[in-house]
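Visitor: In my numbering, the protein residues as written are 52 to 450.
Just so you know, these hints were derived from the structure itself, not from any lab. Quantities reported herein were computed from a predicted structural model and do not represent experimental measurements. Careful, some of the hints might be misleading.
With a Cα cut of at most 30 Å, we get these calculated DSS-like pairs of lysine-lysine [claimed, not checked]:
#1 Lys-290 / Lys-190
#2 Lys-109 / Lys-290
#3 Lys-288 / Lys-143
#4 Lys-369 / Lys-339
#5 Lys-185 / Lys-352
#6 Lys-143 / Lys-352
#7 Lys-339 / Lys-288
#8 Lys-235 / Lys-178
#9 Lys-178 / Lys-109
#10 Lys-200 / Lys-143
#11 Lys-200 / Lys-190
#12 Lys-290 / Lys-352
#13 Lys-235 / Lys-288
Using C-beta positions, here's what the derived DEER-type ranges look like [unchecked claim]:
#14 Gln-295 / Leu-162: 30 to 38 Å
#15 Gln-294 / Lys-369: 28 to 36 Å
#16 Asp-141 / Ser-106: 31 to 39 Å
#17 Tyr-380 / Thr-119: 33 to 41 Å
#18 Ala-266 / Val-375: 44 to 52 Å
#19 Leu-162 / Glu-350: 22 to 30 Å
#20 Ala-123 / Ser-378: 54 to 62 Å
#21 Asp-287 / Ala-126: 41 to 49 Å
#22 Glu-390 / Thr-289: 25 to 33 Å
#23 Ala-123 / Glu-302: 54 to 62 Å
#24 Thr-119 / Ser-273: 43 to 51 Å
#25 Asn-340 / Ser-378: 15 to 23 Å
#26 Glu-305 / Ser-378: 17 to 25 Å
#27 Ala-236 / Glu-312: 45 to 53 Å
Where a beta carbon is used, it is the ideal one built from N, C-alpha and C, also for glycine.
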Amino acid sequence: MKKSIRRICALILALILAACFSACTDNPGTGEDKPTGTYQPGMNTDEKFSANYQSLFKGDSIMNIAITISDAYYAEILAAPEAEQFYSADVKIGTDTVSKIGFRTSGNTDLTEFDEASQNRYSYKIKFDKYVEKQKYLKLDEMYLLNLKSDPSYMRAFIAYSVFRSIGGDSPLCTYASLTINGKAQGLYLAVEAVDDAFLKRVFGDNDGNLYKAAEGTDLLSSSSIALLDQKNGDDKTKADLQQLIQTLNEMPEGEKGDIESILDVDSVLRYVAVCTGLGIYKSYLSKNPDNFYLAVHEGKFYIIPWNVNSAFGAAGKDNGVTVDISPYEPVYRTSMEERPLVSNCSPLMNTAPDTKDMSLPLKRSWTVFQARSTRSTHSFPTASETTRPHSIRTSSTS
């Protein structure tokens, strides 16, 4: 195994060991009235923490997060975690304290399936501006704290998001965090940047475009997928852009690209498919029940954003090692290429092996991920200095 891979694994294991030794409704709860703002009206609510939040997610140290919440609120959370109800709380991140933030549980079946070993150790969401308008922390408006309950290694999501970024993909930042609630240690978590306003500004430079979160079953085969895409950002609520995307995607002339590049950043799809295939992420668009992705619009084009990659390295349900033998040329799981137009119509690398000498560096990395999956060979990760997001990874346009 390459030295760089060993260094990454060693770093993550060191973070885990260090942590071990350190010991959806809008109702704010029933314990008190809706909380008052942390700052006086008219004050720039980002003034106190004006630096950029990217420094939080370097991944070279463990973030310390302490939640202080009333006992009554916390009792309500533990009594009904599946409600995912926001409550007012204070959060201390390192030495900085932000008051009156929104705090709730986050998850799916893990919120209703009691596990004696987890001891009420749920995943959570922090929303800094839930009760104080425009309040942010280092320009960050939301983040998730994942308990990594289904991942004994605690490494799947951390590595997956890192690989997405390493080949120029647009994915959330993340780092490990040690969490306490009312002074009681909750253990090691993964703090993940939410795909929201702050994410859009970091990746695209503004948050002017529409943002959609896909629900399970979003296959993009027909207009029926539109109802499954929940709009999270953008002034235009008609979803006409989604209709145009689906129509253009499914009416591409056979063997030709048609007009797809006028509405879709195909490179983002290539990167997404490459990483999901290389790392065996099959609770994604590539699965029988497509899920766990966002579609973001920037300057008239859609970009696909990965989300909830905890199933990396073949951890999807019913996998049992099956995905190890999936061909990188037909990278779908328990479905067909025809059922996934975003893959079959937009990934020419699925069908022919390209001449890598004419590729730009990020696309070479994407193709390397495909090769690693099909040949079982090992490859080194790019250095941090090589991870700048390019405008385009292709060097020429083909019909």
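Visitor: Each hint needs a verdict: does it hold in this structure or not?
Guide: Consistency of the hints with the structure:
no.	hint	verdict
1	Lys-290 / Lys-190	28 Å, holds
2	Lys-109 / Lys-290	36 Å, violated
3	Lys-288 / Lys-143	36 Å, violated
4	Lys-369 / Lys-339	11 Å, holds
5	Lys-185 / Lys-352	28 Å, holds
6	Lys-143 / Lys-352	38 Å, violated
7	Lys-339 / Lys-288	29 Å, holds
8	Lys-235 / Lys-178	21 Å, holds
9	Lys-178 / Lys-109	21 Å, holds
10	Lys-200 / Lys-143	24 Å, holds
11	Lys-200 / Lys-190	29 Å, holds
12	Lys-290 / Lys-352	14 Å, holds
13	Lys-235 / Lys-288	43 Å, violated
14	Gln-295 / Leu-162: 30 to 38 Å	36 Å, holds
15	Gln-294 / Lys-369: 28 to 36 Å	33 Å, holds
16	Asp-141 / Ser-106: 31 to 39 Å	22 Å, violated
17	Tyr-380 / Thr-119: 33 to 41 Å	53 Å, violated
18	Ala-266 / Val-375: 44 to 52 Å	28 Å, violated
19	Leu-162 / Glu-350: 22 to 30 Å	38 Å, violated
20	Ala-123 / Ser-378: 54 to 62 Å	55 Å, holds
21	Asp-287 / Ala-126: 41 to 49 Å	42 Å, holds
22	Glu-390 / Thr-289: 25 to 33 Å	27 Å, holds
23	Ala-123 / Glu-302: 54 to 62 Å	56 Å, holds
24	Thr-119 / Ser-273: 43 to 51 Å	48 Å, holds
25	Asn-340 / Ser-378: 15 to 23 Å	21 Å, holds
26	Glu-305 / Ser-378: 17 to 25 Å	21 Å, holds
27	Ala-236 / Glu-312: 45 to 53 Å	51 Å, holds
Checked against the numbered hints listed earlier, the structure breaks hints 2, 3, 6, 13, 16, 17, 18, 19; every other hint is satisfied.
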